[in-house]
Structures are given as C-alpha cells and as structure tokens.
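There are 2 protein chains.
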Amino acid sequence: MAYPYKKMTADDFNFIRSVTSPERVWVGENIDYDYYKDEMPEYGVFPPELYVEVLNKEEISAIMAYAYKENIPVVCRGAGTGLAGGATCKYGGIMLSVMRMNKIFPVDHKNQTITAQPGALLTDVQAAAAAEGLFYPPDPGEKTASIGGNVITNAGGMKAVRYGLTRDFVRCIEAVMPDGSIMNFSSNVVKNTTGYDVKDLIIGSEGTLCILTQVTLKLLPAPTCTCTLVMPFNSLEECADMVPKVLELPFVPTAIEFLERELIDIVERTLHKYFPVKQGEAVLIVMYDASSRQELDSAVTAAAEAALANGALDCCIAGTPERAASVWEVRGGILEGMKADSVAQEECDVVVPRARIAEYVKAAKTIALSHGIRVEPCGHCGDGNIHTELLRSENMSDEEWKKATHASLTELYALSKKLGGQLSGEHGIGNGRIEFLEEFAGPRMIRLYKAIKLAFDDKLILNPGKIIEFNK
Amino acid sequence: MAYPYKKMTADDFNFIRSVTSPERVWVGENIDYDYYKDEMPEYGVFPPELYVEVLNKEEISAIMAYAYKENIPVVCRGAGTGLAGGATCKYGGIMLSVMRMNKIFPVDHKNQTITAQPGALLTDVQAAAAAEGLFYPPDPGEKTASIGGNVITNAGGMKAVRYGLTRDFVRCIEAVMPDGSIMNFSSNVVKNTTGYDVKDLIIGSEGTLCILTQVTLKLLPAPTCTCTLVMPFNSLEECADMVPKVLELPFVPTAIEFLERELIDIVERTLHKYFPVKQGEAVLIVMYDASSRQELDSAVTAAAEAALANGALDCCIAGTPERAASVWEVRGGILEGMKADSVAQEECDVVVPRARIAEYVKAAKTIALSHGIRVEPCGHCGDGNIHTELLRSENMSDEEWKKATHASLTELYALSKKLGGQLSGEHGIGNGRIEFLEEFAGPRMIRLYKAIKLAFDDKLILNPGKIIEFNK
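The listed protein sequences derive, respectively, from chains A and B.
Under the UniProt record's numbering, think of the first position of the first sequence as 1, with each following residue one higher.
Under the UniProt record's numbering, think of the first position of the second sequence as 1, with each following residue one higher.
If you're looking for bench data, these hints aren't it; they were derived computationally from the structure.
Each hint should be verified, as a subset may be incorrect.
Unchecked claim - From the derived model, a few chain A residues whose C-beta atoms are all more than 12 Å from chain B: (1) P41; (2) V45; (3) D197; (4) D265; (5) D458.
Said to hold, decoys possible - Calculated pairs, DSS-like style, for lysine-lysine (alpha carbon to alpha carbon, straight line, at most 27 Å): (6) B:K218 to A:K245; (7) B:K245 to A:K110; (8) B:K417 to A:K218.
Positions of the beta carbon are idealized from the N, C-alpha and C atoms, including for glycine.
Could you build all of it, start to finish, from the sequences and the hints given here?
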C-alpha cells in the first residue's frame with residue numbers, strides 16, 4: 001500500500017461527511033489556502049483533497065479506520081503555528097482539524113493536573129490553571145498554538161531552564177492510531193514502568209504516529225514573584241561563560257537568554273522598542289521566579305554578585321513589571337525586527353551543549369558570511385538552543401538565496417554535530433529539515449526511525465513524508 | 001529466526017573468548033548460580049550457556065553482531081538487583097555483564113552533567129557528584145544497583161515527588177543495537193526535537209531494545225539542608241487527604257511517604273527499630289530539602305500549619321539528623337520487617353492517581369484477605385506508587401500460596417486499572433508480570449509493544465521473553 005495513495009473520490013468525500021457532518025467538510029478549491037501550509041510556507045504548500053473539522057475521538061476513529069482501509073493519507077492539524085512545515089498534506093488526502101475539540105476540563109486539585117482536548121489553546125490552558133492558583137510552565141514563544149500541537153512537537157520555550165519542556169508536563173495521552181484504534185498512553189500517575197514508554201515516543205513525533213484526542217498535564221504551585229536581571233558584558237564569550245556560573249547558584253533561574261548589541265540595535269531601529277541597558281557587546285538576561293519575596297531576593301542578590309565577580313559591566317535589576325517589560329519586549333521583538341530588517345529569513349534551530357554556545361555563535365557567523373549571508377544568532381542561552389536566523393539582503397536573487405542558505409545550513413548542522421549538539425532544539429523536522437536530518441542522523445538511525453514509524457503506521461497514511469521520507 | 005534459538009557450541013564459546021578474553025568467559029556449570037536469577041528468583045531461575053564480562057563497547061558490538069548472525073539470545077546484566085525477573089537468560093544463550101565497565105568520568109561543570117559507564121554503581125555516581133558540590137537526585141531503595149540498571153529500568157524511589165525519576169536526569173545514551181551497531185541517542189543538550197525521541201523509549205525498556213554502554217546524567221546544585229516531618233492521623237483517609245494539601249504549598253517536598261501503625265508495629269517487633277511518633281493509625285512522613293535554612297524553615301512551618309489545620313494529631317519536626325534517622329530507619333526497615341514476619345512475600349508495585357491512594361489501600365486489604373492473605377501496603381504517597389506486599393503465613397501450602405497470590409494480584413491489578421492506575425510504578429515487568437501486563441494493557445497495546453520491539457530487534461535476540469512474550 002502507501003505510495004501512491006488513492007486519489008479521493010466523491011464516495012470518499014461522502015463517507016467523511018456521513019461520519020462527521022456536511023457543514024464541517026470542505027473539498028478541493030473550497031478549502032482555505034491557510035490549510036495548505038503552516039507558518040513556514042517555505043517548507044511546502046500542499047492542497048488537501050478534503051478538510052474536515054472533527055468534534056470527537058469517535059469521528060477521528062471512523063475517519064482513520066476508513067483512510068486505513070482505503071489508503072488515503074491523513075494529516076492532523078492544530079493551530080497551524082508550526083515552523084517546520086509539519087502540518088501539511090504533502091501527499092494530498094485528508095486534513096483533519098482538531099481545533100473544535102478545544103474543551104478544557106476543570107483543574108484536578110488532588111492530582112494537580114489539568115486535562116484538555118488538543119484544540120484548546122495553550123494560553124487558555126495556562127489561564128485555566130492560573131485561575132485555580134496553579135501554573136503550567138511551558139512557554140514557547142507562540143502564544144496562539146494549540147495544546148495538542150505543543151505536545152506533539154514537544155514545544156520548548158525559554159522557561160525550559162528551570163521547568164523543562166512540554167514533555168516534562170505530560171502525564172498521559174489519549175490518541176487514535178492510524179488503524180482507528182483509540183488508545184491511552186499512561187494515565188494520571190506520577191510514575192510508570194508498565195511496558196514501553198510509548199507516551200514519550202509520541203511526544204515530539206509531529207503527528208506521524210497517532211492523533212491526539214486528549215492530554216492530561218501536570219501543574220505546579222504558581223510562583224508569586226518574579227525578577228529579571230540584565231548583565232552586560234564586553235564580549236559574547238564572557239557572556240556565555242557566565243551561564244554555568246548562574247546555574248551553579250543554589251536557586252535555579254527560570255530563563256537565561258542572551259542578546260548581542262547588534263541585534264538590540266536592529267530591534268531599536270526597526271521597532272522603536274528601546275532596551276534599558278546601553279552597555280556591553282552582549283547581554284545576559286536572567287529571570288527568576290519564586291514563591292516568596294525573601295527567596296527571590298536572595299536568588300537575585302547571589303546572581304548579581306556572581307555577575308559582577310565574573311566580568312559583568314553592571315547588573316541591572318528590573319524589579320518592577322514595567323522595567324522587566326522593557327527588557328522582554330526587546331527580546332520578544334527579535335523575530336519581527338529581523339523580518340523588518342531583511343527581505344526573507346531562513347531559520348536554523350540547533351541546540352548545542354551549554355559549554356559550546358560562544359564557540360557555536362562565532363563559527364556560525366563566519367559560516368554564513370562565507371556564503372554572503374548575514375546571520376543573527378540569539379536565544380536560549382540557558383539551554384543551548386540558539387535560533388540562528390539567516391537574513392536575506394535585497395541584492396540576492398532567489399537562486400543565490402536558495403543556494404547560500406542550503407550551503408550555510410549544511411555547514412551549521414555539521415558544526416552543531418561537531419560541537420556535540422543536535423539539529424533541532426524545539427522546532428522539529430517536519431518537511432523542512434528531512435534532507436538535513438538524514439545527513440545528521442546517519443543511515444542506521446534513519447532505518448530505526450523508519451522501523452518505529454512502521455510499528456505505528458504500517459500503511460504510512462499518517463502525515464506521510466514528515467520527519468522521514470519513504471518515497472524515494 | 002528467533003525461536004528456537006541456536007544451542008551454543010564450542011565454536012561459539014571460542015568466538016566469544018576470541019573477541020574478549022578467555023579469563024572473562026565462563027561456560028555451563030562454571031557459571032555462578034547468582035547469574036541464573038535476579039533478586040526475585042520467584043520470577044525465574046535460568047542458567048546462561050555462557051557468561052562474559054565485557055570491558056568496552058567494541059566487545060559488546062562484536063558479541064552482538066555474532067549473536068545476531070548466529071541467532072543466539074543475549075541478556076545484559078548489571079548489578080542484578082532487579083525485582084522483576086528481568087536480567088535472566090530465559091532462553092539460555094549469553095549473559096553479558098557490564099559490571100567491569102564502571103568508569104565514572106569527571107563532572108562536567110559547564111554542562112552540569114556526569115558521564116558514566118553502565119556498570120558504575122549508583123552510590124558511586126551520587127558520591128562523585130556530591131564531591132563536586134552537585135547532586136544526582138534519583139534515589140531508589142536499592143543502593144547497590146548499577147547506574148545502567150537504573151536507566152534501563154527507569155528506577156524511581158521516594159524523591160520522585162520533587163525531582164522526578166531516573167528518566168528525568170538522562171541527557172543521552174550510547175548503546176549497542178542487537179545487530180552490533182553502536183549508536184548515540186541524543187547528546188549533552190537540554191532540549192532536542194531531532195527525530196523520534198528514542199532515548200526515552202529506551203529508558204525503562206528493561207534491556208530488550210539495546211545494551212547501554214554509556215550514559216550522561218543531569219546534575220543539580222546540591223541542597224544544603226533537610227528536615228523531616230511526621231504527621232500522625234486517626235485514619236488512613238485523613239492521612240491520604242493531606243497529600244494534595246502538602247503539594248499545594250508553594251514549596252515542593254522531596255518525599256512524601258506513608259506508614260500505617262500495623263506496619264510500624266511489625267518493624268518495631270521484628271527489628272527493634274522504634275518509631276519516634278506513637279500516636280495515630282497512619283502517619284505521613286514529609287521530607288523537605290532546601291538551599292538555605294531560611295527557605296527550609298518557611299517550608300516546614302507552612303507544612304506543619306497545614307497538617308494541624310487538616311486533622312493531624314501532631315506534627316513532629318525531626319530537625320536533627322539523629323531524629324530524622326529514627327524515622328527513616330523504620331521506613332527503610334519495612335521490607336526486612338515483613339520478611340521477618342512472614343514465610344514468603346509476593347510484591348505488587350502498582351501506581352495509582354494520588355487522589356485514589358486511600359481507596360486503593362482499603363480495597364487492596366479486602367482483596368488479599370478474601371484470598372486468605374495478609375497484605376501490608378506502604379510506600380510513596382507523594383507519587384501514588386504503593387508497594388503492596390503480600391505476606392505468606394506459615395500454615396499455607398505452596399499450592400495455596402501460589403493460587404492465592406495469583407488471584408490477589410489479578411484483582412489488585414484490575415483495581416489499579418479501575419482507579420486509573422498502572423500495573424507497575426517502578427519495578428517493571430521483566431519476566432514476572434508478563435501475563436498480568438497482557439491482561440492489563442490489552443491486545444492492541446501488546447501488538448504495538450511487539451511492533452516496537454521488532455523495530456529494534458527484528459531477530460528477537462536481546463533479552464527475549466521479557467516485558468512481552470512472542471513464543472506462544
């Protein structure tokens with residue numbers, strides 16, 4: 001089975017309408033262009049043959065059982081905010097949106113968890129927890145993402161330093177398998193050694209193994225106060241060397257980001273958002289949150305002392321919400337600033353060992369420049385996930401840009417590998433990084449990935465051609 | 001291939017000797033009886049055909065490539081302290097000990113990690129971290145376990161409440177695949193979305209997917225002070241109801257255990273270790289550790305106030321090491337006490353949602369008693385992992401004991417499932433719980449487990465007949 005897939009017929013359309021509802025099914029040219037792509041159309045624009053908005057797991061199960069029998073590919077879609085070309089119908093077939101499955105169940109205080117359907121928005125899940133005095137920490141940059149999308153891509157974000165990733169908060173998953181089976185992976189328990197850890201394999205599998213229908217997430221007591229510190233340094237190396245020193249302090253920071261002056265200048269120039277600290281070629285931004293003012297104060301004092309003892313030109317304590325906002329607005333404006341400052345962008349999302357950050361950043365600039373591309377690395381210094389934005393200048397032709405980005409990415413991934421890093425820290429592989437993954441992981445790992453994919457999806461009907469490509 | 005496996009010949013023995021060294025190979029009756037079983041001989045006693053102590057990954061790779069070609073099963077062995085009948089040669093073949101691969105590399109301060117070979121002891125890894133002012137939190141009861149065994153079984157322990165499981169500390173794994181390939185799963189990075197999360201699938205796979213040759217573990221800044229609280233209650237229900245109240249306080253406790261008076265009496269009677277708190281039918285033991293005395297004091301005060309406001313008869317603060325020791329010695333003596341108080345034991349290691357602990361314990365006693373068995377549940381109240389020890393009395397025949405434990409376990413697992421729990425919280429499936437897992441997980445999940453096993457081990461030569469059984 002698998003390639004080539006069945007081209008859908010009127011009978012197929014009617015079947016999907018019959019197990020859902022005609023007003024929730026669109027076909028052919030009636031499908032909105034938005035559903036042809038995610039936030040990175042560069043990684044593929046593919047029209048679905050049918051687009052359906054499902055209401056429950058039974059509908060998903062019926063659609064999958066049918067698609068399995070008929071050899072029709074199915075792609076599950078959340079909010080479509082992915083950055084890897086993941087949620088697209090590369091081989092046509094059905095796009096199945098779970099955005100109407102957006103129920104959030106009441107917080108379970110005894111188990112300190114919250115359960116939601118995949119289409120619930122991350123912000124709504126965070127707000128539902130906060131309304132009950134609890135805290136869902138994962139905080140990827142994209143606020144309009146769905147919680148299902150966050151789980152299936154293992155969304156990261158800058159608070160990973162203290163709290164970890166989406167993975168670390170997923171207690172259990174309910175999902176539909178490619179053959180239509182509805183299954184539960186783990187349950188609302190803290191520990192589990194019952195069979196293979198399939199739950200963690202599913203998290204981050206980018207919709208290629210099963211379709212999420214419900215997730216239960218761990219919550220924490222909410223911190224009550226927060227403080228941001230800005231530490232300017234004369235050089236990026238000094239800035240990066242400060243990271244392990246901050247992490248060795250008794251109190252673990254929530255976030256550690258870095259910005260180079262060049263990037264601050266871009267944001268100030270293009271967005272007119274002004275960074276409160278004018279000194280330093282590179283700044284480290286450290287955020288603490290705590291459950292008491294006392295605890296916060298001692299964390300902040302210790303970090304400030306460590307900064308000044310290790311070459312920081314200053315240590316600005318942004319203790320008020322306004323002052324902290326002026327820092328985080330510049331950090332949050334980076335992507336927008338770079339977009340305003342260039343014709344197009346290509347993104348490299350490597351993660352390297354924390355000890356190798358400065359080395360990576362320096363070498364990345366040299367690599368990109370050797371291909372005539374300006375590059376602005378920035379990001380999560382606390383976890384080594386450096387978003388390396390390649391910026392297209394006006395005078396580059398399409399062909400030049402394509403060639404230069406491909407050559408740069410090839411070298412950047414090789415650099416990351418050499419430094420003990422990985423290809424993607426949080427954005428995933430999707431359709432955009434398959435070729436690079438093959439090179440990075442090597443043939444034996446790709447063979448293992450394929451075997452794992454087949455263990456779940458023997459007919460290759462679920463989000464085919466993502467992460468790995470069989471059709472060659 | 002697979003069943004039946006090749007019976008090993010003198011040629012096979014000589015080949016293994018040639019790729020290792022004759023003085024590290026034992027065959028047939030020269031193999032020590034210890035290697036026929038783990039800590040639970042009840043779950044199977046199986047003689048290996050050959051026992052070899054390897055020194056490096058190249059030897060393991062050579063042995064696996066040969067075994068793969070020749071269809072010889074291989075079982076990797078760590079310290080042999082497992083409780084599920086996992087590290088045994090159920091189908092004969094090779095037992096491969098990694099206990100001579102026990103190197104611990106210097107702490108990597110910049111990345112805050114430690115790297116060790118699988119045969120290093122957990123205690124030695126903990127000590128190596130502590131010597132550098134850092135902290136490896138996972139703390140399963142068994143101190144003589146190997147770190148590889150801890151990783152491959154995802155060892156738990158009582159500090160999971162605050163710090164999580166072994167899984168949460170594994171940065172990356174180097175392993176040999178059944179065909180002899182040497183592979184790396186992730187690297188020393190904090191985040192990773194590069195392909196499928198194979199690393200987490202391997203953790204807890206009980207030696208059925210690959211053989212670990214090196215692990216890199218995350219460390220934390222070491223806490224500097226600790227305090228234990230004992231909260232006696234009139235009933236188990238009140239005791240269990242206190243758990244979510246403790247967890248809602250701003251400061252997360254390191255451990256929350258519970259003991260019923262009956263069990264304390266057994267330890268006091270059999271081991272002459274005396275519990276410092278005499279009141280209450282059930283006691284909650286809460287441990288905090290912190291990075292400052294100030295922080296610790298406010299955590300302890302808040303917990304004590306919450307206890308007294310929620311029905312605790314008292315709240316004993318064991319602030320000195322001696323006083324804390326008197327609490328933890330009784331907790332630590334439970335298994336020994338029960339062994340002294342019964343002819344034999346069978347263990348049930350379910351984990352239930354924290355909200356259902358009291359319900360489970362009550363019902364578990366009723367179930368066991370209905371089959372004429374005394375049961376003493378105890379354990380990790382903070383994570384719902386209740387070790388339910390079935391105790392054999394003197395007047396039971398072998399046949400009666402076998403029948404009664406089987407009937408009790410069947411009902412206990414069904415009870416756990418009904419309450420939203422799992423079959424095993426931390427001891428795993430091994431050979432001892434396969435039959436129960438099949439019932440618990442259901443045929444579709446077992447089919448998925450089998451497909452996953454085959455994705456790694458298409459010839460079924462690695463620790464066959466554990467977790468799942470193909471040979472039926």
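Do the hints match the structure? See the list:
1. Residue-level check passed: A:P41 sits 20 Å from the nearest beta carbon of chain B, beyond 12 Å.
2. With a minimum CB-CB distance of about 23 Å to chain B, A:V45 clears the 12 Å threshold, and the non-interface call stands.
3. Look at A:D197: its CB is around 5 Å from the nearest CB on chain B, not clear of 12 Å, so calling it non-interface is violated.
4. The Cβ of A:D265 lies farther than 12 Å from every Cβ of chain B, with a closest approach of about 28 Å, so its non-interface assignment holds.
5. Look at A:D458: its CB is around 8 Å from the nearest CB on chain B, not clear of 12 Å, so calling it non-interface is violated.
6. At most 27 Å may separate the alpha-carbon atoms for a hinted pair to count; B:K218 and A:K245 meet this at roughly 16 Å.
7. As the CA atoms of B:K245 and A:K110 are separated by approximately 8 Å, the hinted pair is consistent with the 27 Å bound.
8. Distance restraint check for B:K417 and A:K218: the Cα-Cα separation of roughly 20 Å lies within the 27 Å cut-off, and the hinted pair is therefore satisfied.
Violated hints, listed in ascending order, are 3, 5; each of the other numbered hints is respected by the structure.
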